[in-house]
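If you're matching them up, the sequences are chains A and B in order. The numbering of the first sequence is my numbering, which starts it at 1 and goes up by one. The numbering of the second sequence is my numbering, which starts it at 1001 and goes up by one.
Be aware that a few hints might be false.
In silico DSS-like links for lysine-lysine, alpha-carbon gap of 27 Å or less [unchecked claim]:
1. Lys-1545(B) to Lys-264(A)
2. Lys-1258(B) to Lys-194(A)
3. Lys-1221(B) to Lys-1258(B)
4. Lys-1451(B) to Lys-68(A)
5. Lys-264(A) to Lys-1221(B)
6. Lys-1342(B) to Lys-1305(B)
7. Lys-264(A) to Lys-1161(B)
8. Lys-264(A) to Lys-1256(B)
9. Lys-68(A) to Lys-96(A)
10. Lys-96(A) to Lys-1462(B)
11. Lys-1161(B) to Lys-1176(B)
12. Lys-1545(B) to Lys-1462(B)
13. Lys-1176(B) to Lys-1135(B)
Far from chain B, by Cβ distances over 12 Å, these chain A residues were calculated [what the hints assert, rightly or not]:
14. Glu-32
15. Ser-57
16. Ser-152
17. Ser-169
Simulated from the structure, these hints should not be mistaken for laboratory data. All C-beta atoms in this analysis are idealised placements derived from N, C-alpha and C, irrespective of residue type, glycine included.
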Amino acid sequence: MGERREEGEREIGETDLYLRILGGFVVLVTTEGDMIYLSDNIREYMGLTQVELMGHSIYDFTHPCDHKDIRDNLDITGVPGRSRCGGQRDFLMRMKSTVTHRGRTVNLRSAVWRVLQVCVSRPSLSCVLFTCQPLSLSHTLLHTHTFTSQHSMDMRFTYCDQRVTGFLSYHPEELLGVSVYELCHTLDLHTLTKSHQNLCSKGQSVSGVYRVLVRGGGYMWAETHSAVIAKPRPTQPHPSKPHPSKLSPPPFIACVTYILSGVKEPTQLLSLGQMN
Amino acid sequence: MSVPTSEPYNRLPHYPQMCTHVLPFHTYCACHCICEKKPSSDIRKPGHFLHHPSRSGSLLERNRVRCFEDNWPYEYLCSIGTPGMDYTRKRKSSTTDYQIDGFSFEDSMDTDNDRLGDHQGRIKNAREAHSQIEKRRRDKMNSFIDELAALVPTCNAMSRKLDKLTVLRMAVQHMKTLRGAANPYTEANYKPAFLSDDELKHLILRASDGFLFVVGCDRGKILFVSESVYKILNYSQNDLIGQSLFDYLHPKDIAKVKEQLSSSDTAPRERLIDSKTGLPVKTDITPGPSRLCSGARRSFFCRMKCNRPLIKMEDKDFPSTCSKKKADRKSFCTIHSTGYLKSWPPTKMGLDDDNEPDNEGCNLSCLVAIGRLHPHIVPQPMNNEIRVKPTEYVSRHAIDGKFVFVDQRATAILAYLPQELLGTSFYEYFHQDDIGHLAECHRQVLQMREKINTNCYKFKIKDGSFITLRSRWFSFMNPWTKEVEYIVSTNTVVCGSVPEGSDGIYPQLAASPQSMDSVLTDGTGKRALQTVPGIPGGTRAGAGKIGRMIAEEVMEIQRIRGSSPSSCGSSPHNFTSTPPPDMSSPGGKKIQNSGTPEHPSAGMIPGPDSIGYPYSNNSNLSDNAHIGIDIMDEPGSSSPSNDEAAMAVIMSLLEADAGLGGPVDFSDLPWPL
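Bound conformation, chain A alone:
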């Protein structure tokens, strides 16, 4: 009896290990949207507990604008079986979190939205497994092949760090005002557009892989994690003051780009921007 319990504990430990490695939690959802199982480490990320959420509808805890995406993924007419993470069935979802970005715990009534990257798979016809990972940029701190940049909301560079020169051979000053859409390979346009749209609507995004053009010719594979930084408006606008929207500074986009490969086809000239 004791042995079995120990074994059970060890097994639980292993699952926790996997979840911990993934840096996320899992939710098992019926096609109606009821959450029939959640891993208990959800508490670490969202503050909400397994017990609190189990049995409730996922629609009660996610952003209304994302309900359509969720519904599409829960659709019973979908093909059962594993679908690739990162393929079409990978989407961003905003879920309520009682842990704020600063680590403070708040009441559910004043919960914040946290953006999660969700991989969908379908273990059986009747339920869907969401593997949810919060999008966080802190792990990129230790990465060598990255550079950071800032953009206005239309994705034109407003700032870029020096490391970009080592990869793309452009100096940061040369990139100011340049749109990322000029720097990417045309075939990857859709990838970047989708990411930009996610950014605008949800606030955070991970682009898929795309090709970024290198000065002089060639390209490199890259992936960008980005987020919109916005200042909150003051909550109680004073009646005598002008409309607060005029005073709050515009939001901007902060990006961290991972370079995934070396320069491919360095002699292949692809765009006008590469020629000088």
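Keeping the supplied structure of chain A fixed, place chain B upon it in accordance with the hints.
Using the frame of chain A, we list chain B on its own:
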């Protein structure tokens, strides 16, 4: 309470271990004194003469030095002070100095007169001494709390000083994270009956399309890899266990992965990366608010070898094992690895110290991670023998038709080098007969948001002859500004003769054929058509002009039309065309969005107001600033006053190099950790 007055010294109470000589406050002496008196219960009461002076100066000195090494609770020593001592007057024979935070006290044999007169003074001095002690204690506590705040990443990043309770709370949180999430429940971990642990485990791996691997940090030895690695890298479990990970990485990624493994210290500490070499730079642990450490978590991309032998006739003779000779012929997959570093002290592992003479007893640490095949990767083109002439290429054009991008297939199809095409207008290559309808397409694509299919047309290639192409154009618009950035053209070679009429596959545009003349003439009637041989591309004078004219014309139309929503077709990029639903905040309040669902045409920059965007400046949202992603501070808290500060925070958090940005005003942590 008996106050010793002029009693001989050796009658004074004291602890046997303690010598009373020159005992400053909060120290005690461990010398063994000849006095035998036991501690008395009165010893803490104020007024007791705790110490007695020694008789010789040298013993005094010795004791004083020794006494400083030990600590004694200051409360006890605060009670020092006795009316029997004159703290200010030096005694001639032997003196003892009491050091209390810089105050010198001396005891002496006093006369009664002095005692009485100085009593008040002594009490006052005692109180001052006490407050000094209190102050020192507070300072020490504050310095410890500051040190703790510097070690805890969340506190570290804050610009303003946090209050002590918050620091302590964050330290507790952080320790919990480091040690692993403490299970808050006493009840058993719930699992639905149909989902066993094993299944869940496998489900997670399957869902993420990954494999588990454990790699030792010191030499990169693969200690464990799960069976699912076969599906992804095509190596079996046995092939990999025991091998060095670096043998299976792309050579250029070795340094990157080494760097990820090298910081086996899981405690958060400062890490800087030299931007030139990409290697970590050792720094002293001087905590600055700029650095954020992720502790034990690791996440990185690298290229790993896939055991997929290339199909080559010559290789049939070689056995298809994963030998290193074939290493450079293998293809690579990009793997996204996420996990964390775990370390074990050697004793736990039962490692024999004798076997590892060079091991300084440091911890064995490993990276435990899941490697996932990174999605969306276009497979690397293999060096196959069969070369197929491409029939399609993609190009980008500025709104006036100038080539700004050509993919590599264009050279194979058109025979021009990219340099020859880039910067030139596509009108230079169109056959004269086609210019009319293509100009019309051009006009339309800029105005409509749909993909436009051209008819077949002739395109001049390098040697002067024409090939027949058919293109699909669409204007790419920036999702935010809705302005046309460029036109994307997918061009397909059409073989054989093409009938003039519709072939039923593509919808035809009802374009009346126009000659280039009519397009170009501004009423001057002058014919500007000329081909200029010898110039790459066969430049047509005026070709570029057509494009520019059309572009300007369309922009003008849109500017005029700008204020009212134009009747544009649905745009593939118009993601906000669905009217934003009423967003209920978590607080249950309804948020009305005052933005218009329809958007004006590309000429206008709608800005945040008219898009159903969480950031739209809407006074109704003012109640609930949590709507949308409120990554910056919660309302009510102090926030930096300008964009530069926020920018600087992000940069610092994302480990900007020292060369960027000067002194920075740090605000609260905007990122989730």
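Each hint, compared with the structure:
1. Restraint check for Lys-1545(B) and Lys-264(A): not satisfied, since their Cα atoms lie roughly 36 Å apart, outside the 27 Å limit.
2. For the given pair, Lys-1258(B) sits about 33 Å from Lys-194(A) by alpha-carbon distance, which is inconsistent with the 27 Å threshold.
3. Only pairs whose Cα atoms come within 27 Å are accepted, and Lys-1221(B) paired with Lys-1258(B) is accepted, the gap being roughly 12 Å.
4. Simply put, Lys-1451(B) and Lys-68(A) have alpha-carbon atoms about 26 Å apart, close enough for the 27 Å limit, and the pair holds.
5. Distance check on the hinted pair: Lys-264(A) and Lys-1221(B) sit about 30 Å apart at the alpha-carbon level, beyond 27 Å; violated.
6. Taking the CA atoms of Lys-1342(B) and Lys-1305(B), the gap is about 25 Å. The hint holds against a cut of 27 Å.
7. The hinted pair formed by Lys-264(A) and Lys-1161(B) fails the criterion: a straight-line CA distance of about 48 Å is larger than 27 Å.
8. This hinted pair checks out: Lys-264(A) and Lys-1256(B) have alpha carbons roughly 19 Å apart, not beyond 27 Å.
9. This hinted pair checks out: Lys-68(A) and Lys-96(A) have alpha carbons roughly 17 Å apart, not beyond 27 Å.
10. Distance restraint check for Lys-96(A) and Lys-1462(B): the Cα-Cα separation of roughly 60 Å exceeds the 27 Å cut-off, and the hinted pair is therefore not satisfied.
11. Taking the CA atoms of Lys-1161(B) and Lys-1176(B), the gap is about 23 Å. The hint holds against a cut of 27 Å.
12. For a cut-off of 27 Å, the pair hint linking Lys-1545(B) to Lys-1462(B) stands: about 22 Å separates their Cα positions.
13. The hinted pair formed by Lys-1176(B) and Lys-1135(B) fails the criterion: a straight-line CA distance of about 32 Å is larger than 27 Å.
14. At the 12 Å boundary, the C-beta of Glu-32(A) stays outside the reach of chain B, the nearest C-beta of that chain being 16 Å off.
15. Every Cβ of chain B is farther than 12 Å from the Cβ of Ser-57(A); the closest lies at roughly 14 Å, confirming the non-interface assignment.
16. Distance check on Ser-152(A): its Cβ comes as close as 8 Å (rounded) to a Cβ of chain B, failing to clear the 12 Å threshold; non-interface status is violated.
17. Once the 12 Å rule is applied to beta carbons, Ser-169(A) is consistent with being away from chain B; the minimum gap is 14 Å.
Consistency with the previously given hints fails for numbers 1, 2, 5, 7, 10, 13 and 16, ordered from lowest to highest.
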